[in-house]
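Enquirer: In order, the protein sequences belong to chains W and X. If you're matching positions, the first sequence starts at 1 in my numbering and goes up one per residue. If you're matching positions, the second sequence starts at 1 in my numbering and goes up one per residue.
No wet-lab data here; the hints were simulated from the structure. Don't take each hint at face value.
As the list claims (entries may be wrong) - Simulated crosslink set (SDA-like; lysine to any residue; CA at most 25 Å straight-line):
1) X:LYS459 / W:LYS68
2) X:LYS459 / W:GLU213
3) X:LYS421 / W:ASN72
4) W:LYS75 / X:TRP456
5) X:LYS494 / W:GLU213
6) W:LYS219 / X:LYS494
7) W:LYS68 / X:LYS110
8) W:LYS208 / X:GLY116
9) X:LYS421 / X:TYR409
10) W:LYS208 / X:TRP497
11) X:LYS459 / W:TYR171
12) W:LYS68 / X:GLY360
13) W:LYS208 / X:ALA52
14) X:LYS421 / W:GLU78
15) W:LYS68 / X:LYS413
16) W:LYS68 / X:ALA109
17) X:LYS459 / W:MET167
18) X:LYS459 / W:ARG215
19) X:LYS151 / X:GLY116
20) X:LYS494 / W:ASN72
21) W:LYS30 / X:ASN254
22) X:LYS494 / W:SER193
23) W:LYS219 / X:LYS151
24) W:LYS75 / X:THR15
25) W:LYS68 / X:GLY116
26) W:LYS30 / X:GLY360
27) X:LYS421 / W:TYR169
What the hints assert, rightly or not - Just a sample of chain X residues kept apart from chain W, beta carbon distances all over 10 Å, derived:
28) PRO49
29) ASP88
30) PHE188
31) THR329
32) ARG352
33) ILE354
34) ARG414
35) LEU416
36) GLU482
37) GLY483
38) GLY525
Built from N, CA and C at the ideal position, the CB exists for glycine as well.
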Amino acid sequence: MLLLVLASSVLAQPNPFRANAASDVEAGAKIFRANCAICHGLDGKGVRAPDLTTGRYRHGSTDEDLFKTIANGVKGTEMPPVTMEGRQTFQVIAFLRSIATPGGAKAAAGDAAKGRAIFEGKGGCLKCHMAGDAGSRLGPDLSDAGLRFSREHMIRSLIMPDDLVSMRYWYAEATGRDGRKYYGRRLNEDTHSVQILDGQERLTSLLKADLAEYRVLKKSAMPSYESSLSPAERDDLLAYLATLRN
Amino acid sequence: MISLFLLLALEAQVTSDRILNAGKEPHNWLTYSGTYMSQRHSLLRRIAPANARELELKWVFQSSSLDKFEATPLVVDGVMYVTQPPNDIVALDALTGRVFWTFEYNYAAKADPCCGKVNRGVAILGDTLFMGTIDAHLVAVDAKTGKLKWKVAVADYSQGYALAHAPLVVKDKVIVGTAGGEFGIRGFLAAYDAKTGKEAWRFYTIPAPGEPGSETWKGDAWKRGGASVWVTGSYDPETNLTFWGIGNPGPDWNPDVREGDNLYSDCVVALDADTGKLKWHFQFTPHDEWDWDAVQVPVLADIRFRGELKKVMLWANRNAFFYVLDRVTGKFLFGKAFAKQTWAKGLDDSGRPIKIPDMGPSAEGRLVYPGVQGGTNWYSPSFSPATGLFYLSVWDNYASVYHKFDTPYEPGKRYLGGSPKSIVSPTRREQIRLWDEEAGYGAIRALDPETGEMKWQFKMSDVSDSGVLSTASDMLFAGNREGWFYAFHARDGKLLWKQYLGGQIIAGPMTYEVAGKQYVSIASGHGLFTFGLRD
């Protein structure tokens, strides 16, 4: 049978490995590589999930907060509850402490003001992304991009968006039997229906029986900015994104 | 008036003879899987493919618990008995859903089974109901009043033992087995005197040193080797054998500490129902490295097999192979994979899997099909003598990455030795946007027992933890994790009717009749839903 998490009693204890031997950090690193690296990267700098080396964690930075985040997952995100012994969770936390560089990601080299102009203008980013109160809900909300994503992650996203797109942002494309076209972010799906947020930000539910065609595009709706922005413009954009810390 | 009362009083007594012949009174549902054959097949015919579109909701029982609702109700002469998770018993009017009484069981607060505070139902004998509890007790409750008659400790819950399945009553005994395979228990089955609760026999699912089978364990591993029991067994009165599926060996994913075949983990065992003595066993997954409990319902059938009338047992195992066994001798007759698997080249002539080397869990993780929940799991299958087909919930094209690590044994603590990872959530319904069809899919399938060939399937976007019910009128009922409840034509799988219930279905459907009308009940989410034909 499969187990579900978790022994809440261990939460009451401080991390017994916090000031502990290198062997615990090493054990934590192994567990991290096996369980967490697929999203957070082998070095913890983030792939499609947040950079964990900044020393600041969105869902709380105490040992207890981190324990809860690991054991319970984060609702509404791809972070699942991770099943392991309490001891091993603390070893992962010990590893995370060892790779944290408080002070956060180093400031980007570009000009944030210019980057903002690109974000809101030439880049067309607001068509899909939120930044504070402005923008669209179709793509990932970037209001806290400076906290969530490493510089490396953002560079890769700009150049090779399909490599890093999360399932949460896959698009559904459908044609009704009446010829009507539908396109939007897939929010949910079952055997008989699919729910999307369409291009006009309308919550729309489609019955599969009414569709002539239906497919899920497992790639990013975002274009690559490899040629449409110069390296300097991309640096400006990154500098702006790093300031988004809502 | 007096004679009418007497008649009713007598009818309410569920004798062991009535359970033995439960198939002959299909208006009732007297034992977990319908009859001792465990075919989850009913002879009722009023609901049929021609009128299935007229099915409609008749009533709902809303549980007051948020724990998973995995029970199959019993129905005895118009009264339904169902467990509200984990261990309350509710007696309902099967016609209206109105409650007669509720027995509230106060379980030990520290009882914390591996996979949810669940219960799969009660058994009945005479006017007494029997239920296993999450704190490893067996209770007997008066079916008329809901008052406790007796309560015995089957095992020590603080060591990880629990009782999850509906007991099986055979003659004057109540048989239960112990869950807790993730906690380093030593599993067992035990029979209790239905009147007094006195233990009549006990069969350990792991032999002690010196006993036959003990050579399949090394050192002290047998003391904490798991081999739990958490799904109801079957009974064959002709041989007086009771059959039970046994759970995985522990620690689940670190087999290095338990070299050998690890009997009787992942076996079906055939025990003498009077003494608990082992008559035969068949092991599906020797030295299991993936947590593929053989806790499936043993489906007994008398079928024509290779031209001969045979008394068989049909078994679709969590390890993704389908088996036909001779239930008199335990001999393997036939086996074939029914879902994608990458761990065995096939089965040899004795039914033993030919394992592919190096497919066990590793420190780095190893991708193996099927995933940890298996090609199927404990979800009740169905066999229809009318169609000759075997029906089940399948998880196909589904894998896990199995990791191995060391877990020291500590009493009452999880003893796992590893961890499997899968895109598909093991037990919970999620929005499907967080996974991909490449992660696997669920299907309701019909297999030809003689060939193992798929006759038809109904593919679903998500997986299914639902049991399956068939009827003599060629109806097939099943649900899924998405919350759909379906009626199919049992012969070709044509979808006849569907109803969205909004909650994950993790139980088996059952059917009964009251006052000449047929009903079908299924638990979904935190409610029990009962359907019938439009009036």
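Enquirer: Hints the structure violates: just list their numbers, smallest first.
Expert: 1, 4, 6, 8, 12, 20, 23, 24, 34, 35, 36 and 37
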